[in-house]
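Undergrad: Spelled out, the chains give:
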Amino acid sequence: MTGKVKLATTSLAGCFGCHMSFLDLDERILPLLERVTFDRSPLTDVKHASACDVGLIEGGVCNEDNLHVLKEFRDQCRLLVSVGACAINGGLPAQRNQFDVSELLHTVYMAEPGLGRRALPDDVELPRLFDKVRPVHEFVRVDYFLPGCPPPADAFWAFLTALLDGREPTLPRGALRYD
Amino acid sequence: MSRPRFTLDGVPVEFDEGQTLIEAARAAHTYIPFLCAHPDFPAHGSCRVCTVLVNGRPMAACTTRAAAGLTVESQTPSLHADRQALVQMLLVEGNHFCPGCEKSGGCTLQTLGTDLGVTSAGFAHESPQRPVDASHPDLLLDFNRCILCELCVRASADVDHKHVFALSGRGLHKHLIVNAESGRLADTGMSVDDVAARVCPVGVILKKRVGFSTPIGQRPHDVAPPRTQVEGKEEP
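From first to last, the protein sequence lines stand for chains A and B. Residues 1 to 179 (this note's numbering) make up the first sequence, in order. Residues 1 to 236 (this note's numbering) make up the second sequence, in order.
The following block holds chain B by itself, in its conformation from the complex (with noise of 0.2 Å):
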């Protein structure tokens, strides 16, 4: 019996009942822009970077059910503006400063950035103030980068079973906290080798003391970028 299907941008697309949409087409190597989906974590759907247009309506594709006939669209040059937009929000709402930053070359906002030709953040910078705690032995955390997709969360929660962080507040207030009464990283039971450790798509959690040894050329984006990830092609 054949699978069922549903279209994506006019390409069938065969899926396992369950699936949402951003699985089947990763498992068709068809690579929907997202942030702050993960393939080993429940959908979060809060960064809205992976919408498509599902019978014509937006939709999450991370949280969206694959259904037979379906039509999907993802690459139209509106929701490629969306994205744009979306990546240039996340920029102004945070200090984001590549040059400086010991993720660059394997930031998920950085790539999918300038895979979408995003040249500028376009709106004026909040800048806001958020002090780096430094107070781990080996783990820094800078909250000038946190875009809140909380993969840190789910992964502290649900896989390490430590709860060392949790989303405060609503809205634009909304902002990562460390759980411990000092408020202090150092004050958890955090490990270095804790998968919350790992999951952070941008460089708000970092291992100490391994920064840039990766040169520019050699690091994992330059190497094996996000879509080069899904599509499982070589770079040019």
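Next up, chain A with everything else stripped away, as it sits in the complex (with noise of 0.2 Å):
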């Protein structure tokens, strides 16, 4: 890659914990400036990518919006990664997995105490839930894997210094984990 590189990063079923993890990269985020711009990102809260090189996805896909976002985050990335282990088998949004979706919704609130109303949202601007939670390449191709919860700091440095200087990233010891 030559020139400034174009970074985007998004979230779908996820906590943001990744997005911390990325600026544990403190003072490393200055050089790593130097070579990098941030398109779509929390950090810019520019709200739709254009053409990118590199596309940084936390989170698993739970509802009709994410998969919405990933498709379109998909579009304008040469590299898509799937950062995490909600993006990479569900993690933590998943573990409702097991349950019946239309059950859920009706013991958290219709059944339980606690929310006042006792109706089930329904307003139309409320993306509708997937049966199950499902992880990125489920749905589009994915180009790499960031697997932690959440990866840490030494995870994206080492992936992402390599993509820039031309090298197959690979993860030091340690910073390949899964939890």
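Quick caveat, the hints were computed from the structure, so don't treat them as lab data. There may be inaccurate statements among the hints.
[What the hints assert, rightly or not] A partial selection of chain B residues facing chain A, derived with a Cβ cut-off under 8 Å:
no.: 1; residue: G56
no.: 2; residue: P99
no.: 3; residue: T114
no.: 4; residue: Q129
All C-beta atoms, glycine included, are put in the ideal place defined by N, C-alpha and C.
Dock the two chains into a complex; use the hints.
TA: Structural data, given as structure tokens:
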């Protein structure tokens, strides 16, 4: 890659913990910014990606909006990177996969006390839930995976610097982890 | 008289009559990746992670007897890819969520995956529905993580002499069952002191009230992963 690389980041059904871990790069973000420019990202508040070199995506796919965002993001990113446990296998949100969605909604909004109105959320703007939370690679092609919950900052650093230097990314000992 | 030898990745390995390839390699402090093999139990040969090329033929190193003059290959790109795929298939067949698993940091499947450089399950997840069994006062069974290695079955039958566990069903439907009319662990003679209670290589059989007590960085495989245990070297 030559010149400044365009990098986008977004989150689906995730907790933004992977983004926080990315920020754990701390002062290494400064040399990174000399080689990278951010496009869509919570760091820039840009809402839609334009054509990018690399897209980092955290979170799994749990509803229609996640899938919409994922497809748009994939279309704009030359390389798509699944970041973190949720993007890679559904993670914590996928713990609901063992339950029926309708049963879950009724338990949370109708049966259990505390939410007052005792009605299922039905606003037309709310994205519909899928029956299962699925990882990103079950919907679109994924070029690289950065596992971890979250991936440590050293994993982001090793991965991005390798890409920027034109090397095949490998993760150092301890940076490739599933927890 | 010198002991008989075979070569493993070009290096001569001496062995005693009756040893399997993985036992001989282990005695020579050479790591062959494995999952269902356990030094205290006869080989089961079910996971195939330890598959090596013996005179060019793929064989499970845990079930193949060492013989003089064999040419054994383990560290080849093709076998590495096969091992990665085996781990990936196990990951999608169950529900393996490491961040919330008490076995994390001491799980042979997890450490094997990271050691082999597996970054994703790759395939579509089966997401099977397998309720946990928390009936026992001291032990929890989380069937979501079972890899069907049969170590608990073997330990309970051969060492504890209790026959608490068995595998039932065939192929994709094969699963771990508990030997009680109710199917619940509480209704068996299982005790927290049984060998079967501590032999699980993944997070199926867990001792209650001790989860996450060891900090990250000090867990069993943080300190000595299986590769290091075999090679006998300190972590760098």
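Undergrad: Could you run down the list of hints and mark each one as holding or not?
TA: Here is how each hint holds up against the structure:
1. G56: At about 30 Å, which exceeds the 8 Å cut-off, the nearest Cβ of chain A leaves the hint on G56 of chain B violated.
2. P99: holds, 4 Å
3. T114: holds, 5 Å
4. Q129: holds, 5 Å
The structure shown violates just one earlier hint, number 1.
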